[in-house]
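Colleague: Generate coordinates for the entire structure from the input sequences, incorporating the hints supplied.
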Amino acid sequence: MIRLLHGLRRSGVLGMNERNAEYIMGHNDRRNYPLVDDKLITKRRAEEAGIQVPKLYATVEIERQIRRLPAMLGDYQDFVVKPAHGSGGNGIMVVMGTQHGNYRLSSGRLVSVDHVGHHISNILSGMHSLGGQPDQAVIEQRVIFDPLFERISYGGVPDIRTIVFKGVPVMAMVRLPTRISDGKANLHQGAVGAGLDMNSGRTTTAVWLDRFTDLHPDTGDPIAGVEIPGWDYLLELAARCYSLADLGYLGVDVVLDRDHGPMVLELNARPGLSIQLANRASLSPRLQAVDALDEIPQSPVDRARLAQRLFGEAHPPEKIDPRKPANT
Amino acid sequence: MRNLHLKLLALGLCGLGVAGIWYKVDVLGLPLTADAQTMVWTVEATASLQADAGPTRVQLFIPSNPPGFNVLSEDYISGGFGLTRTGDGTNRRAEWTSRRASGSQTLYYRIQISEDQSGETVIAGPQPTFPEVPEYEEPYGFAAMTLLDNVRQESADIASFAQRLLIRYNAESPDEHVGVLRSFAEGDAEHTRNIIHILAGARIPARPVQVLSLRDQMRRGALESYLEVHNGTEWIAFNPRTGSPGYGDDTLVWHWGDAPLMEISGGRQGQVQFSAARTPRETVAVAQQQAMLGGSLLMDFSLLSLPIHTQNTYRILLLVPIGALVMVFMRNFIGVKTFGTFMPILIALAFRETELLWGIFLFTAIVAIGLLIRFYLENLKLLLVPRLAAVLIVVVVLLAAISILSHKLGLDRGLSVALFPMVILAMTIERMSLVWEEFGPGEAIQQGVGSLGVAILGYLVMFNDELAHLVFMFPEILLIILAVVLLMGRYTGYRLTEIWRFRHLIREQSGK
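Chains as they are written, first to last, in the UniProt record's numbering: chain A, 1 to 328; chain B, 1 to 512.
Please note that the accuracy of each hint is not assured.
[What the hints assert, rightly or not] Computed, partial: chain A to chain B, Cβ under 10 Å: (1) 127; (2) 128; (3) 132; (4) 274.
Keep in mind the hints are simulated off the structure, nothing from the lab.
Even glycine gets a Cβ: it sits at the ideal position worked out from N, Cα and C.
Modeller: Quick look at the structure:
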């Protein structure tokens, strides 16, 4: 047991307690949480900064508005309903189209307008929000994902999660929905997490349900080697989000839309730790490397280049020496 | 810097807590364990007399700060007599007076005393003057001087002098001098007076003491005399019949000097009898009573000064922080997943009403049935608050059904369910069904089992009798718990479950 704990420390894996105490509490001003916890605010600020986000169709704030739902949705055939204060992909309903007056969900299920209304009502009562507070429902443009990941995802929209520390991207992964994750891109719920080489944006290793894997469990295709187009720009986008929320330790979720290119889906003030499993690499050495920098460049472009130089595979950082404690 | 601040704060809190506990244990004598018992003596003096037709006055010596004992309470049963108490610094007297008492009268004095655990006994009394050497008659004088000379050679100080003298005087086969001296004294009081007379030959101040040897179930006991000599700084007691120093454990000093125990005017045939009984009592109660008498501020403002029903609430309330401590440990050090932060503590509190095994069964059964009904309600598409209310009602109905059923089956245990906090159950069901839908049954069951596990552990820790006693008697422990929680709050190391979560990563990185 002690030996294992030592191994854990040597490997430089970032643990929950350390993440909470050192990085989230140490670098994230609680005042700025509403900026990322409220997706409407994030969306507005991102738009002001010229960052591409899924288009907002409507918001529902009170129960009564649900009755006008059909009118509100109008001609929109496909859209996403989500809680403004949701977290971890909870309470997201993806509508892919209509059929005989019913809505078709991403899972293929056909549901009535009433069902969508009930879902919104649940959102309003705070069922999916942080702390159970009454919430708003956001109805927005459904991202039609780039066919790039078609062979290694099953339903739903894959997204790219990047951890940005002090404005420098430090680690990234693609979250690939599976059959058991029900189209959701949350590792907790059974999505596959595929590590990304920070330099090239190519997928490397993957984890599924806390187990290492090389193939997508549903499609059977190898996960490694898929290159994300426009990776340089994607990293810049992530770096730019730093100034959006002013959070030192930030998770940026980006989706690749077939027609509109990369869009920022949401920001996360408490990004999870499984990204380490997806990359088979530890966060602590990378975070410490950023902390050790004398100066962090002002421009997001420079920060993105810095990240590629520091953490890319072509120019690996000092290899983690298993015999040395991580914090030296 | 922040850590230093925290450590100092924790240290301060710990210090404060320990100091409070130390004071209560060492000074007030509160026991650290729940079942500690102290022997309490109840001693009763029964004074009987024949009163004349006129006014009657009875004076009786009563104990005053008896060495080796703490006085817990005193009672007087005076009949038609008026009672006053007088004291002269060393002795106390009860004085009963009546204008018109006649015939046989009985007066009672009862004292409850406990053994003083502190072990320090200071004998009261003013500094005496050195007595003049008496003018002994012969052959008494010669015998006394010879004995004193012999003893002086065998002794180092006044204490050993007195002891040697007593041993020689009481020897089974006394030498001729002692024989002469002993022939002048008959009876217990005379015996002591004789020794004081001899000690005066060496100019050693001494005084007689009237004591009661306590025996359990004693009836018709009487006082006997003891001897105290003054060594220049303090009085030292000796048993004048054996020479053993100090008062024995069961020797109660009634009064100093050899004045008669009872003085009567306006009455005859006065007689005093003593009875005693020994009963074990909880040390807590004894210490409490004593501290109240002593007017200790800390005891005055302790939880024991609250009304009983409030006390009983605090007996439970004070255990909650301990549950919170368990919770912090299980979450931040082990990494157990639970519903909500403090739900397991509430469940543990609920177990208190039902006892553990029955509680686990009930919890599992009600949550399982409630979950089924909750899934059914989901189909009805109710709004959140009404749905919660519906679950709550279902829970109450389930509880009632279980109570009735178990009563019919003759299981009285089921009735205690009535207090099983139903809101907690309703919330648990709601939380579990949410997790079930959002994260799947695996996660829901994991969190459910986690909650139950922490609740069981919390229950075992919280409702441990020893711990409950400690926290209630020494709420200062909460300061120490606070300090520990604060320190745990800065633990940034791994959780035990993270070894499992990142096991493949460790293996891979160690292999590099």
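Colleague: All hints, please: hold or fail.
Modeller: Evaluation of the provided hints:
Annotation: interface hint on residue 127 of chain A holds; nearest CB of chain B at approximately 6 Å, less than 10 Å. A hinted interface residue such as residue 128 of chain A counts as satisfied when its beta carbon comes closer than 10 Å to some beta carbon of chain B; here the least separation is about 8 Å, so the hint holds. A hinted interface residue such as residue 132 of chain A counts as satisfied when its beta carbon comes closer than 10 Å to some beta carbon of chain B; here the least separation is about 9 Å, so the hint holds. A hinted interface residue such as residue 274 of chain A counts as satisfied when its beta carbon comes closer than 10 Å to some beta carbon of chain B; here the least separation is about 8 Å, so the hint holds.
Figure legend: structure checked against the earlier numbered hints; every hint is met.
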